[in-house]
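Each chain, written out:
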Amino acid sequence: MRTDFPLFPDSASTIAPQVDHLYFYLLAVSAFFSVLIALLVIVFAIKFRRRSENDLPPTIHGSLLLEAAWSAIPLGIALSFFVWGAKIYFTMNRPPDDSLQVYVVAKQWMWKLQHADGTREINELHVPLGRPIELKMTSEDVIHSFFVPAFRIKKDVVPGRYSTAWFQATKAGRYHLFCSQYCGTNHAKMIGWVDVMAPIDYQNWLAAGGGSGSLAAAGAALFQQHACNSCHRPDSQARGPNLEGLFGRTITLSSGRTIVADESYIRESILNPTAKLVEGFQPIMPTYQGLITEEGVLEIIAYIRSLQHPNPASGTRMLPPTNRMPAPNRPGQEPRGPEERKPVNEGEGERERNP
Amino acid sequence: MSAELTPPLPETPPRTSYLTAGYGVKSWLLTRDHKRIALLYLASITFFFFLGGLFALLIRLELLTPEGDLVQPETYNKLFTMHGIVMVFFFLIPSIPTVLGNFFIPMMIGAKDLAFPRLNLLSWYIYMVGGLFTLWAVVHGGVDTGWTFYAPYSTVSSSTHVLAAAIGIFITGFSSILTGLNFIVTIHTMRAPGMTWFRLPLFVWSHYATSLIFVLGTPVIAVTLLLVALERIFHLGFFDPALGGDPVLFQHLFWFYSHPAVYIMVLPAMGVVSEIVPTFSRKSVFGYRFVAYASVAIAVLGFLVWGHHMFVSGQSVYAGLFFSLLSFFVAIPSAVKVFNWTATMYKASISWRTPMLYAMGFVGLFTIGGLTGLFLASLGVDVHVHDTYFIIAHFHYIMVGGAIMGYLGGIHYWWPKISGKMYPEGLAKFAAFVVFVGFNLTFFPQFILGYLGMPRRYHSYPPEFQVLNVMSTAGASILGFGYLLPLAYLFWSMRYGKDASSNPWGATGLEWRTTSPPPTENFPVTPVVDWEPYEYRPKTEVAAVG
Amino acid sequence: MSDPGGPHAGGGDAVRVPVMSEHIVSPKIYLAVFAILLVMTGTTTAVSFLDMGPWNTVVALAIAVFKATLVVLFFMHIKYSRPLMRIVIVGGLFWLAIMLLITLSDFMTRGWLPVFQRFEP
Amino acid sequence: MAEPRSLSREEYAASRLQHHFVSLEQQRDASTLAMWVFLVTEILFFGGFFLTYTIYRWQDPIGFAHASQHMDIVLGTINTAVLIISSLTMAMAVHSAATGKRKPLLAYLSATILLGFAFLGIKAVEYTDHIRHHLFPGPGFRFPGPDKPAAEMFFSLYFGMTGLHALHMIVGIGIVGTLLVMAYRGRFTPEYHNPVEVSGLYWHFVDIVWIFLFPLLYLIGRHLK
Ligand code: HEA
Ligand code: HEA
Ligand code: CUA
Ligand SMILES: [Cu+2]
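Residue numbers (the numbering used here), protein chains in the order written: chain A, 1 to 355; chain B, 1001 to 1546; chain C, 2001 to 2121; chain D, 3001 to 3225.
No lab work stands behind these hints: they were computed from the structure.
For every residue, glycine included, the Cβ atom is placed at its ideal position computed from N, Cα and C.
Each hint should be verified, as a subset may be incorrect.
To be verified - 30 angstroms max Cα-Cα, derived BS3-like pairs, lysine-lysine:
| # | chain 1 | residue 1 | chain 2 | residue 2 |
| --- | --- | --- | --- | --- |
| 1 | D | 3101 | C | 2079 |
| 2 | B | 1347 | B | 1429 |
| 3 | C | 2028 | D | 3101 |
| 4 | D | 3103 | C | 2079 |
As the list claims (entries may be wrong) - Derived list of chain D stretches under chain B, where covered just means 3 residues or more per stretch with a C-beta under 8 angstroms from a C-beta of chain B:
| # | stretch |
| --- | --- |
| 5 | 3045-3054 |
| 6 | 3081-3089 |
| 7 | 3139-3152 |
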């Protein structure tokens, strides 16, 4: 048994201190009320203990003032919890615009992670320090949950849709990645690591991984293969809407409602096209349910995303090309070029190459 | 088990009591007397409690080491599932209502029985049939979905006896519905002359509120399980995304019942505490009306907060906001109750008997459990602690530390009335102490584990969590021992205990104004109530009434 | 077991209408209600063939609510019964509404993004 | 059980008073309240289905409308009428019991049962039709056009909701059958007939459920095309 055991988790993301501060506030209030109640109960029980069998204490029926006070004060405190908690929650649910995208596909009982440049990993996620990372997650079977205690983030990974989470690591290191939603026999084994690396190391690591075919390129291939372009084309023969610049746009549906074209919407458009019909089009698009895998759908989405009008700042949200060059070995730093890493990777067998 | 509960009384009591009104198995299994039915429930519930406790012990033994080397992962998953199902649906939900509520609601309002005695007996049979289905599932290999039955795991993925367990809970649900219905109608129509709503004991108020939840919530869990069954049998795709369903809808339906159900589990215990505290303080409850209204407020508001179990499920951020806000609102009536009980003890005449010890334990542990509920209702913090041991600790503090303390307190408090015998006071105090210590040792470390990030439903875990888990397991063994003590001495007291007088505590309720144990028709003459609740008179006068 | 006070001699709800002077509804009223119900059934079917856009659903449900109200009021005697029963029904419907509306509000706001995340605590 | 014929009406009524009630009024009050409370649980029981229906229809209104066009509107309308007639006969049965008319009581109860069977018969015809047209959800489900997923959901809900409703009809027929036997034996008098009254409430409730199922399942796609 280990004798050096932690009592408080690592704090390694921008969110973590925010959560911890609210937690300390809650702890303080709770400690105050628990001690107050316990003390009162014990003191009363001793001070007013029955001294004779014929004791008859005074009758006290109550006090409106007290009732009002001990309803209003806790309510006020509780509302402060609410506001504070809600603020953090909003931050957690709003990934910054300049986030790096990582796609996550969960299945019983492993995590498949895919970087924008096509690098794939299993049960291990490498991320650069200080850069917001946005996770787009879906599941192939049942519900899982992506949980990194050191970052204080958690999000259920639900089949049939995309969930989003984000974090920005503030401390290099290796942190637990847990599946926290019960998902069957090896739920407890569906764990992995998040490796937070200095940006430069991350670049080296990425370069070593190849990342030849980007996600978008794979998506473009699928787009051809399934003949999507027979309907979705920029010319007059198009029977379906033009998908250029679709991502992030507000679409008017035939029911009159509007909806923002995000990942979930595009996914649904491919797998259940009639559910949300674009205004002015007939429900002729066939469903691709069962024909395209979850990973395939992700690739197509990345492709549709890449059809944005070029905009280097946010645009495709990939690293600027210059950053992707292998970093030169600087003096005083351990050489971690691609050559050194390759054999290690093959030995570990933890990373797949994009085929 | 029921036969043993018919103790041949050493001396024939002066009047025949409900216990001596008939002998033999038939007089129990076909009885319509609410008091005998309560004892049937007592026996069955005790069985399920120890069954659930056995599963808990195995869970704790497995978690002694990080490697997960005692049982297979499949087995572990079945253990916590069956632990949760048995404890929630077959022990805690029926516990106080069907035993103490059944026994004492008619007596407290001065009625001869519940409005529908046959329905009451039927409820017990339905409960037993549901229990047998579940036991069948347990014996034939178990279920591994967690007590929450989340789809699509439960509908597509799991290959265990989900159907049998779901049917068992479905059937038992009707027992809950019928019990709640019976209570509501009884409280509305069967009150003795003079027993106005604001003369009702708070125990009755809290059972009225509980019954509202039974009646309004239970049908929804029934239909939810029906949908799960349909999806499993006929592949109707209500929840499976592969068939076009939405798994989050399942969670809405499930928690629409199961959040209010947590108040089913705690409201009756609050009712018990509201009886015990004034009795052993010999003083009227502070703020009677506020405590009464708080019960109803908890029941009503409790229906508006179910989504706080789904903050990370992918429900809308705004729905999360709504549910978080209302969760804080529902904490206020609970706070009001805690403060009123405490204030009742001010300037009181407090007698340190076992029921009072349990009541004091309830107040303290419920406060801790409830306050940690506020951590969970705070959106930002819940994201971190959701589905970790923090949740486990939160609800065990309320359900084991709170509700079971209330239940044990109530059993001790009314034991003289139920059995006509006194329990051994010294031993009982010792047991209460053991339970309190064992409980805290078991579950306090789990708060720390939870914030550290140990996920729940984990069969193995990273080694740095081991020390706290060992503490928890040690506590559980102490706790288990503490629970065996009352089982033993209460049995013992049925034969060897001192005879109880009709009102050993000098309490005010109507149930104390008849013999111990009471006759079948409860009161020789229908009582007429002309006093306020918890109106304490000098000892001599009380004795005269008894 | 005599009780001069309570209406049930045994107590029960303290305030109540003079109990159980059971109201016998005349068959004529039943027939009238029945006729309206049949007519409304025909109407709702006929109307469903008109294209009224989103109003189709509204009209269909309005007619259904109207029919159900008639049944509850007359066939089920709620028009003649004491308030408690009405509270029970309204309570039940209210709970149904809670379930439908709150759940629906989750589904309808899922696409919305949190807005004011900017100010840090 | 006392043979009613040998007692006067009042004595008979008194013999129906259970020991723990004080008066027949109290007993009647209790059973009526109980039935209403039970109906509330039924509202919420069906409510789970209505919620599921609402969510999925909201997600794909057009798919649902197209699926609904595969309902037989004629049979549906007839069945609605059948249930409404049965509600009338049930109401008249309660009336006859309250006014102590035994013969009409027997007639109305029998009519109610027959109408109940008629409803179930028509429902069975519809079910077989749907199943023949491969509209039962599952691997064998066939639906032309791109609305298949929505249609499959629609038919899942259709079979679930109408099936549950039919189950309630069967229970209702059983209850009314019991009433018929009791009425035949002369068990009901103007003073004591709350079993008839309370069962009537149940029957009407099942009718009301159908009043909502009908437009939601049969009528939502008629105006398209
Ligand atoms: C009897 C059972 C019971 C009771 C009474 C409660 C009571 C409360 N519960 Fe708990 N809860 C459970 C049983 C219970 N819970 C269970 C079983 C689960 C997990 C289910 C599962 O996933 O398996 C759970 C999970 C759970 C969650 C979901 C966590 C998650 O999964 O992420 C949340 C979130 O809001 C929550 C909140 C609350 C709140 C706010 C209360 C409140 O009602 C508490 C109110 C009480 C107090 C606040 C204490 C007294 C007040 C004072 C002393 C005054 C001071 C007060 C203030 C300053 C406000 N509970
Ligand atoms: C009323 C409800 C109730 C009660 C009383 C308890 C009681 C206990 N519970 Fe549990 N628990 C739940 C409701 C309850 N629990 C629920 C709902 C879950 C969630 C399940 C899920 O995730 O799906 C859960 C989950 C749960 C877990 C988490 C499992 C996991 O997530 O992996 C743990 C772990 O420590 C635990 C422990 C305990 C312990 C030590 C007790 C102790 O208090 C028990 C003490 C009692 C005894 C030890 C009995 C003594 C018996 C003997 C000595 C043997 C004699 C046997 C016979 C005669 C047959 N419970
Ligand atoms: Cu995946 Cu738990
Ligand atoms: Cu809850």
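Per the coverage rule (Cβ-Cβ under 8 angstroms, at least three residues), is the stretch 3045-3054 of chain D covered by chain B?
With 7 residues close enough to chain B, the hint holds.
Pair hint residue 1347 (chain B) and residue 1429 (chain B), alpha-carbon separation not exceeding 30 angstroms:
Holds: residue 1347 (chain B) and residue 1429 (chain B) sit about 24 angstroms apart, inside 30 angstroms.
CA of residue 3101 (chain D) to CA of residue 2079 (chain C), is that 30 angstroms or under?
It holds: about 24 angstroms lies between the C-alpha atoms, which stays within 30 angstroms.
Chain B covers the stretch 3081-3089 of chain D, three or more CB atoms within 8 angstroms, holds or violated:
violated (count 0)
Given hint residue 2079 (chain C) paired with residue 3103 (chain D) - CA-CA distance at most 30 angstroms:
holds, 27 angstroms
Do the alpha carbons of residue 2028 (chain C) and residue 3101 (chain D) lie within 30 angstroms of each other, as the hint requires?
Roughly 17 angstroms between the alpha carbons, so the hint for residue 2028 (chain C) and residue 3101 (chain D) holds.
Using a Cβ cutoff of 8 angstroms, are there at least 3 residues of the stretch 3139-3152 of chain D near chain B, or does the coverage claim fail?
Result for this restraint: holds, n = 4.
The earlier numbered hint that this structure contradicts is number 6, and it is the only one.
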